[in-house]
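So the sequences go chain by chain: A and B.
Under the numbering used here, think of the first position of the first sequence as 1, with each following residue one higher.
Under the numbering used here, think of the first position of the second sequence as 1001, with each following residue one higher.
No lab work stands behind these hints: they were computed from the structure.
Any given hint might turn out to be false.
[Stated by the list, open to error] Within a straight-line C-alpha distance of at most 16 Å, the following computed EDC-like cross-link-like pairs (lysine to aspartate or glutamate) qualify: (1) A/K395 <-> A/D86; (2) B/K1036 <-> B/D1088; (3) B/K1036 <-> B/D1093; (4) A/K247 <-> B/E1033; (5) B/K1038 <-> B/E1089; (6) A/K247 <-> B/D1034; (7) A/K168 <-> A/E10; (8) A/K247 <-> B/E1041; (9) A/K247 <-> A/D86; (10) A/K247 <-> A/E11; (11) A/K168 <-> A/E11; (12) A/K247 <-> B/E1079; (13) A/K395 <-> B/D1067; (14) B/K1038 <-> B/D1088; (15) B/K1036 <-> B/E1089; (16) A/K247 <-> B/E1075.
[Claimed, not checked] Negatives, chain B to chain A, calculated, CB over 10 Å: (17) R1042; (18) D1088; (19) E1100.
C-beta atoms are modelled at their ideal positions from N, C-alpha and C, and glycine is treated no differently.
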Amino acid sequence: MTEEASTSREEWGTRFGFMMAMIGAMVGAGNIWRMPYTTGMNGGGAFLLAYIILLYLIAIPGLMAETMIGRYTGKGVIGTFKQIFDNRTLRGLGFVVVIVNFALMTYYLPLVGEILYYAIHSLLFTFMDPAFQPEPFWNAFIDSPALTVGTHTVIAIGVAAVLSLGIKDGVERMAKYMIPLMAIALVAVAIRGVTLPGGVEGLAFAFNPDWEYFLRGETWVAALGQALFSTGLGWGVALTFGSYLRKHDDVPLGGALFTAVGNTSIGLLAIFAVFPVVFAFGLEPTAGTSLAFISLVEVFPQMPGGGLWAIVFFLGFFFAAFTSAFALTEPIVTTLDEEFGFSRTQTVVGVVFFIWLLGIPSAISQEFLGTLDYMFGNFGLPIATLAVITLVGWKFQPERGRVLDLNRNADIYIGSWWNPIVRFVIPVVMLFIIAYGAVTSLGSGNETLMFGGLALMAIIVATSLGLAQALNMRTEDERPPVSGGD
Amino acid sequence: MALTPITWVMMLSSIVLLWGIGGWAMYRTLADEDRKVKLIERQGTIDTYSPTALQDLRNWIEANPGDAYHREAVERHDECVEVLRENDESFYDWTDAEIESLEMIGEESTAD
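Can you build the whole structure from these sequences, using the hints too?
Now the structure itself:
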């Protein structure tokens, strides 16, 4: 594979646009409510310290590997697996990444629809109505298929519209505006929260280190999960976005370090934005998803200028979630577009239609959405990450990747310390996370779900490998010459 | 309620390690991008490896003569050497003496 072979491919317009698109993909709804909650529940500052150590030690080297392999091949997920793996069956591991990503989107789009619904009502000042009641409002929404499927449909149309414009005019342009606006919105809410009477107590809860937690295994597992999953390692996004980099672009600094640290910086901003408000109004900090949809909407009317703060918060929240929605769909579009030869518009319409269709059960049922989230969050994403890291760490070989491509045009030099992390540490950590999730589910209410999740992942892996066999996946070089016409 | 000194330390450390490093990474990569674009506009090409990275690549090429990616590695190495010899200004910190001491590996292979 030479670079010349892929020069006709679309490229990012600007370095800033690429970085905002990467951040846009990684910063999602989870950063806004999960990061503050996980931090507060796992020893505050002690958790943050463990998290930052793992971020630098594992997540950043992992992102370097994924972005590098995409930039090297200049292809999407399936094309990259085809090019690097000699074994045609193992090339099917690329399908694992695509299927997991697809499944994730089927329940993420309805979730973004929920946030859109609240963002619209913030603009209508619904939460400021004296008769407004958060819980009945939420229940009325989720019990109405017309509303949940309707907002899910609007998001699907929005995602299709952005993606049909392409990488530069669609993904990059939208991320370039939405991510800074989201950051400004969170900064504004954070300033307001910290200056509220009692708001500082939220910061004490989030940052005061409880060192007992630092020595607990659960804290490190939670930090690992947050560090790996909030950075989107192994989802095919960094690989795909890396494939659109220009010849002289750097990978390690802008494509990995900035993405991981920038994404976590938004999580830190969310801590400053959410916890002071939670403590100032005596809310339950461990409320999770209902924190945004029930607890916070209850306090906006009690704040001076609360209607405007609700708009700023929910629009920022929506921008974070929507940028993830289209950016996480892009790897599926890119790879199917390349492999099956349809036009980009046809691929976008087809992919988004099937995501929309298969997302309807998640839009209608919160329980179904939660089940998928548990299965794919605990088992699907680690398996996808394992597939990508196996590709770089065991097939392409880290040392080869480091000298040949990672340090090429790099803004920072990466030494050979990177090799064992990619080859050994990350795969072991992913296997540990899968095993830990399974073992801790035994005897709990999630036991059946755990077995179901593992069985589903086994089916996805077997189907992917079988699909590779059935499609007789060959690269351009391996294909026999087209007959006829002589 | 006032924050304790350790809480302040943890909060400020998190800010430095995340916002500080993130801000630095963004500034550095955008500044490098500017320099690359200016050099490419003026010279048409820029060097692709730093002295340490090119030495790593050369070592790997010498240690792995039968590797499937050997030829591509040689091409990438030689492309960088050629650009360094042709251009007046390099992107990475190359000294004139370092550039003069560089050899094309492809030429060596051809001569053999």
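- A/K247 and A/D86: Cα distance at most 16 Å? It is violated: about 26 Å lies between the C-alpha atoms, which goes past 16 Å.
- For B/R1042, is the shortest beta carbon distance to chain A beyond 10 Å? holds (14 Å)
- With 10 Å as the threshold, tell me whether B/E1100 passes as away from chain A on beta-carbon distances. holds (22 Å)
- Message: Can you confirm whether the C-alpha distance between B/K1038 and B/D1088 stays at or below 16 Å?
- Response: holds (13 Å)
- Task: Would you mind confirming whether the straight-line C-alpha gap from A/K247 to B/E1079 stays at or under 16 Å?
- Result: holds (13 Å)
- Message: Would the hint linking A/K247 and B/D1034 be met if the CA-CA limit is 16 Å?
- Response: Holds, at about 15 Å.
- Item | Hinted pair A/K395 and A/D86, Cα distance within 16 Å | holds (9 Å)
- Task: Verify the proposed pairing of B/K1036 with B/D1093, using a straight-line Cα cut of 16 Å.
- Result: Distance ~13 Å between B/K1036 and B/D1093 Cα, so the pair holds.
- CA of A/K168 to CA of A/E10, is that 16 Å or under? holds (8 Å)
- Agreement of A/K395 and B/D1067 with the hint, judged by alpha carbon distance not exceeding 16 Å: Given pair A/K395, B/D1067 holds - Cα atoms ~13 Å apart, limit 16 Å.
- Item | Restraint check for A/K247 with A/E11, where alpha carbons must lie at most 16 Å apart | holds (10 Å)
- Task: Given the hint that A/K247 pairs with B/E1033, test it: the Cα-Cα distance must not exceed 16 Å.
- Result: holds (12 Å)
The structure fails to meet hint 9 from the earlier list, while all remaining hints are met.
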